[in-house]
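As they're listed, the protein sequences go chains A and B.
Here this note's numbering = 1-based position in the first sequence + 49.
Here this note's numbering = 1-based position in the second sequence + 49.
Everything labelled a hint here was simulated from the structure, so no lab data went into it.
Source: prediction; values computed, not measured.
Even for Gly, the Cβ is constructed at its ideal location relative to N, Cα and C.
Among the hints, erroneous ones may be present.
No farther apart than 20 Å at their CA atoms in a straight line, the calculated lysine to any residue pairs in the SDA-like style are these [unchecked claim]: (1) B:LYS125 - B:ALA186; (2) B:LYS153 - B:ALA179; (3) B:LYS105 - A:ARG97; (4) B:LYS125 - A:VAL118; (5) A:LYS111 - B:LEU126; (6) B:LYS125 - A:LYS144; (7) A:LYS125 - B:LEU126; (8) B:LYS103 - B:GLN85; (9) B:LYS125 - A:GLY92; (10) B:LYS111 - A:ASP129; (11) B:LYS111 - B:ALA100; (12) A:LYS105 - B:ALA186; (13) B:LYS125 - A:MET88; (14) A:LYS103 - A:ALA157; (15) A:LYS125 - B:ASN112; (16) B:LYS111 - B:LYS181; (17) B:LYS103 - A:LYS125; (18) A:LYS103 - B:ALA75; (19) B:LYS105 - B:ASN193; (20) B:LYS125 - A:PHE74; (21) A:LYS189 - A:GLU155; (22) A:LYS125 - B:LYS111; (23) B:LYS125 - A:ARG97; (24) B:LYS181 - B:ASN193; (25) A:LYS105 - B:SER170; (26) A:LYS144 - A:MET88; (27) A:LYS125 - B:GLY96; (28) A:LYS125 - B:ASN193; (29) A:LYS111 - B:ASN178.
Covered by chain B, according to a simulated footprint, are these stretches of chain A (three or more residues, beta-carbon under 8 Å) [unchecked claim]: (30) 75-87; (31) 163-170.
Number of protein chains: 2
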Amino acid sequence: MKAIWKTIVCFAIVAGIIGSAYAQFARTDDAIKYRQAVMFLIGQHMGRMAAMVKGKQPYNQKNFLRNAVLVETLSKLPWDSFLLAGSDKGQTKMKSEVLENKEKFEEAAQNLETEMAKLVSAANGSDFNAIKAQFGAVGKSCKNCHDQFRSR
Amino acid sequence: MKAIWKTIVCFAIVAGIIGSAYAQFARTDDAIKYRQAVMFLIGQHMGRMAAMVKGKQPYNQKNFLRNAVLVETLSKLPWDSFLLAGSDKGQTKMKSEVLENKEKFEEAAQNLETEMAKLVSAANGSDFNAIKAQFGAVGKSCKNCHDQFRSR
Chain A
50 MKAIWKTIVC FAIVAGIIGS AYAQFARTDD AIKYRQAVMF LIGQHMGRMA
100 AMVKGKQPYN QKNFLRNAVL VETLSKLPWD SFLLAGSDKG QTKMKSEVLE
150 NKEKFEEAAQ NLETEMAKLV SAANGSDFNA IKAQFGAVGK SCKNCHDQFR
200 SR
Chain B
50 MKAIWKTIVC FAIVAGIIGS AYAQFARTDD AIKYRQAVMF LIGQHMGRMA
100 AMVKGKQPYN QKNFLRNAVL VETLSKLPWD SFLLAGSDKG QTKMKSEVLE
150 NKEKFEEAAQ NLETEMAKLV SAANGSDFNA IKAQFGAVGK SCKNCHDQFR
200 SR
């Protein structure tokens, strides 16, 4: 019986944490605007790194690393805002699948965070091929999530 | 004569750096969207801190500090995007004064960065009155810049 109570208490605590995270958005509009702002910034800074990876701009380690660290920070921010009930309606491209299959969405979100951490590690080093490969892995992670959860 | 050449070279280097920063925005629309995204996120995370400062939410040091560090990071991002020529036209509240008086704008921008760094320092400590006071100083810095450079 003790084990059951422990489980219940654990669930209650986790629910409380998640609940308070969601409560940060008073309206679904705010949640939508929030995640769109984060995603736009991620896109901009991914673009700055892409220019260096593709040789359109000369590679500059300090600059690349700064962008990678920033995107890593940004990549941790928006997931709560996607999971807010009702935020699949309105000015959004988010598919309802996010709310219907939260675990799968959270897995995809976690994947981006993991790949971004690896990119920061690579960018701290000087192996440009490794950086390029890991940048590709990040892009794949973005695409994988967008394919599943973003309408065109 | 040598001193003059040194000065010219210095100016050219500085202009080059600034130029390349501006070049990150292919279109003025992107610069406008970029700064609006950053400002929206700053507003959201300032709001989360304000709720704790005003006692609407219980003060939680870890949570407050995380928000302060994030806003400090965000506060360093948008200034280039405001200074892009022509970006005072379009879907923006930015006054042309920003482009007409760049030094004054940069001073106000620097002021926010300075006050945010102080808030992070305070939030690392446990003096809630000091945190409150410094949060007020940050708010003043926001207001000062908005009053001068943002139309209503």
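Results of checking the hints against the structure:
1. B:LYS125 - B:ALA186: Satisfied, since the Cα-Cα distance of roughly 17 Å is no more than 20 Å.
2. B:LYS153 - B:ALA179: 28 Å, violated
3. B:LYS105 - A:ARG97: Since the Cα atoms of LYS105 (chain B) and ARG97 (chain A) sit roughly 40 Å apart, the hinted pair is violated (cutoff 20 Å).
4. B:LYS125 - A:VAL118: Holds, at about 14 Å.
5. A:LYS111 - B:LEU126: 16 Å, holds
6. B:LYS125 - A:LYS144: 33 Å, violated
7. A:LYS125 - B:LEU126: 18 Å, holds
8. B:LYS103 - B:GLN85: Outside the cut-off at roughly 26 Å; violated.
9. B:LYS125 - A:GLY92: 18 Å, holds
10. B:LYS111 - A:ASP129: 18 Å, holds
11. B:LYS111 - B:ALA100: Distance ~15 Å between LYS111 (chain B) and ALA100 (chain B) Cα, so the pair holds.
12. A:LYS105 - B:ALA186: 42 Å, violated
13. B:LYS125 - A:MET88: Distance ~18 Å between LYS125 (chain B) and MET88 (chain A) Cα, so the pair holds.
14. A:LYS103 - A:ALA157: 26 Å, violated
15. A:LYS125 - B:ASN112: 14 Å, holds
16. B:LYS111 - B:LYS181: The hint holds at about 15 Å.
17. B:LYS103 - A:LYS125: Outside the cut-off at roughly 26 Å; violated.
18. A:LYS103 - B:ALA75: Holds. LYS103 (chain A) to ALA75 (chain B) sits at ~17 Å (cutoff 20 Å).
19. B:LYS105 - B:ASN193: Not OK: LYS105 (chain B) and ASN193 (chain B) at ~25 Å, beyond 20 Å, violated.
20. B:LYS125 - A:PHE74: Not OK: LYS125 (chain B) and PHE74 (chain A) at ~24 Å, beyond 20 Å, violated.
21. A:LYS189 - A:GLU155: 16 Å, holds
22. A:LYS125 - B:LYS111: Holds, because 16 Å separates the two Cα atoms, which is no more than 20 Å.
23. B:LYS125 - A:ARG97: Holds: LYS125 (chain B) and ARG97 (chain A) sit about 17 Å apart, inside 20 Å.
24. B:LYS181 - B:ASN193: Cα-Cα ~18 Å, so holds.
25. A:LYS105 - B:SER170: 39 Å, violated
26. A:LYS144 - A:MET88: Within the cut-off at roughly 15 Å; holds.
27. A:LYS125 - B:GLY96: 19 Å, holds
28. A:LYS125 - B:ASN193: Roughly 31 Å between the alpha carbons, so the hint for LYS125 (chain A) and ASN193 (chain B) is violated.
29. A:LYS111 - B:ASN178: 38 Å, violated
30. 75-87: holds (count 6)
31. 163-170: Since 0 is below three, the answer is violated.
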